[in-house]
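We have chain B; now place chain E onto it with these hints.
From first to last, the protein sequence lines stand for chains B and E. Each residue of the first sequence is one higher than the one before, counting from 1 in the working numbering. Each residue of the second sequence is one higher than the one before, counting from 1 in the working numbering.
If you're looking for bench data, these hints aren't it; they were derived computationally from the structure. Please note that a few of the clues may not be correct.
Partner residues are not named here, just some residues of chain B that face chain E (Cβ under 7 Å, in silico) [unchecked claim]:
hint	residue
1	M1
2	H5
3	D6
4	G8
5	G9
6	D11
7	N47
8	D49
9	H53
Just so you know, even glycine gets a beta-carbon here, dropped at the ideal spot from N, CA and C.
As a plain string of letters, each chain reads:
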Amino acid sequence: MNGVHDLGGSDGHGPINPEPNEPVFHAEWEKRVFGMFLPVAACGYFNLDEFRHAIERMGAPSYLNTSYYEHWLHAFETLLVEKGALSAAELAARQQQIAEEAR
Amino acid sequence: MAITAAQALAASASDGGSTRLEVDVAPRFAAGDRIRTRNINPRGHTRLPLYLRNCVGVVAADLGVFVFPDTHAHGGDQKPQHVYSVHFSAKDVWGREGGERDTLVVDMWDDYMDPV
Numbered sequence: 001m002n003g004v005h006d007l008g009g010s011d012g013h014g015p016i017n018p019e020p021n022e023p024v025f026h027a028e029w030e031k032r033v034f035g036m037f038l039p040v041a042a043c044g045y046f047n048l049d050e051f052r053h054a055i056e057r058m059g060a061p062s063y064l065n066t067s068y069y070e071h072w073l074h075a076f077e078t079l080l081v082e083k084g085a086l087s088a089a090e091l092a093a094r095q096q097q098i099a100e101e102a103r
Numbered sequence: 001m002a003i004t005a006a007q008a009l010a011a012s013a014s015d016g017g018s019t020r021l022e023v024d025v026a027p028r029f030a031a032g033d034r035i036r037t038r039n040i041n042p043r044g045h046t047r048l049p050l051y052l053r054n055c056v057g058v059v060a061a062d063l064g065v066f067v068f069p070d071t072h073a074h075g076g077d078q079k080p081q082h083v084y085s086v087h088f089s090a091k092d093v094w095g096r097e098g099g100e101r102d103t104l105v106v107d108m109w110d111d112y113m114d115p116v
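So here's chain B without its partners, still in its complex pose (with noise of 0.2 Å):
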């Protein structure tokens, strides 16, 4: 699909500013996220291209203003609840208490 994700080529998306050091991680959820992809991968929910496709799905406005890791949770979300083991009301229960539980 011809989306946001494909950004080679396309101006105005301000300078490139890498930062000196860079962790591998910049929040303990993301290393979760990171560690939750070959496992649930390997059980049979998606392949790697599904993955990819379920991140370029996101929309342009959410998908730059979320960061990568973020991107990855959108998919994890998309595709579980897609391939039916999740269902949209238990994740927006989940989602719903953990903004609960950080107030």
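Chain E only, in chain B's frame:
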């Protein structure tokens, strides 16, 4: 037979998660062939960058047979086919803004190209 998570982890650690396939598929191209990339605009997944549609390049190497992402992302058909390293002159890709001496080297699946 379904593979276990442990087997998948071990395989991924040994080859970086490569989608190379050990099957015989006839290559449509060889090193030195001039190709034109297809002007495809699929609604689904593709690894053919937008800026490389309808561009002429030269095949530099045949990298072997791999899973085709465009079908694998939608139902899991592997559609095994050759992937080639293809050289594009920056001028051919970017027009007059392309660097005079720059070459873009891109891995291209068989289904992305036609002979010139």
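Structure-based check of each hint:
1. M1: It holds, given that the least Cβ distance between M1(B) and chain E is near 6 Å, below 7 Å.
2. H5: violated (10 Å)
3. D6: It holds, given that the least Cβ distance between D6(B) and chain E is near 5 Å, below 7 Å.
4. G8: It holds, given that the least Cβ distance between G8(B) and chain E is near 5 Å, below 7 Å.
5. G9: holds (4 Å)
6. D11: Result: violated, 11 Å to nearest chain E Cβ.
7. N47: Result: holds, 6 Å to nearest chain E Cβ.
8. D49: holds (4 Å)
9. H53: holds (4 Å)
In this structure, the hints that do not hold are numbers 2 and 6, in rising order.
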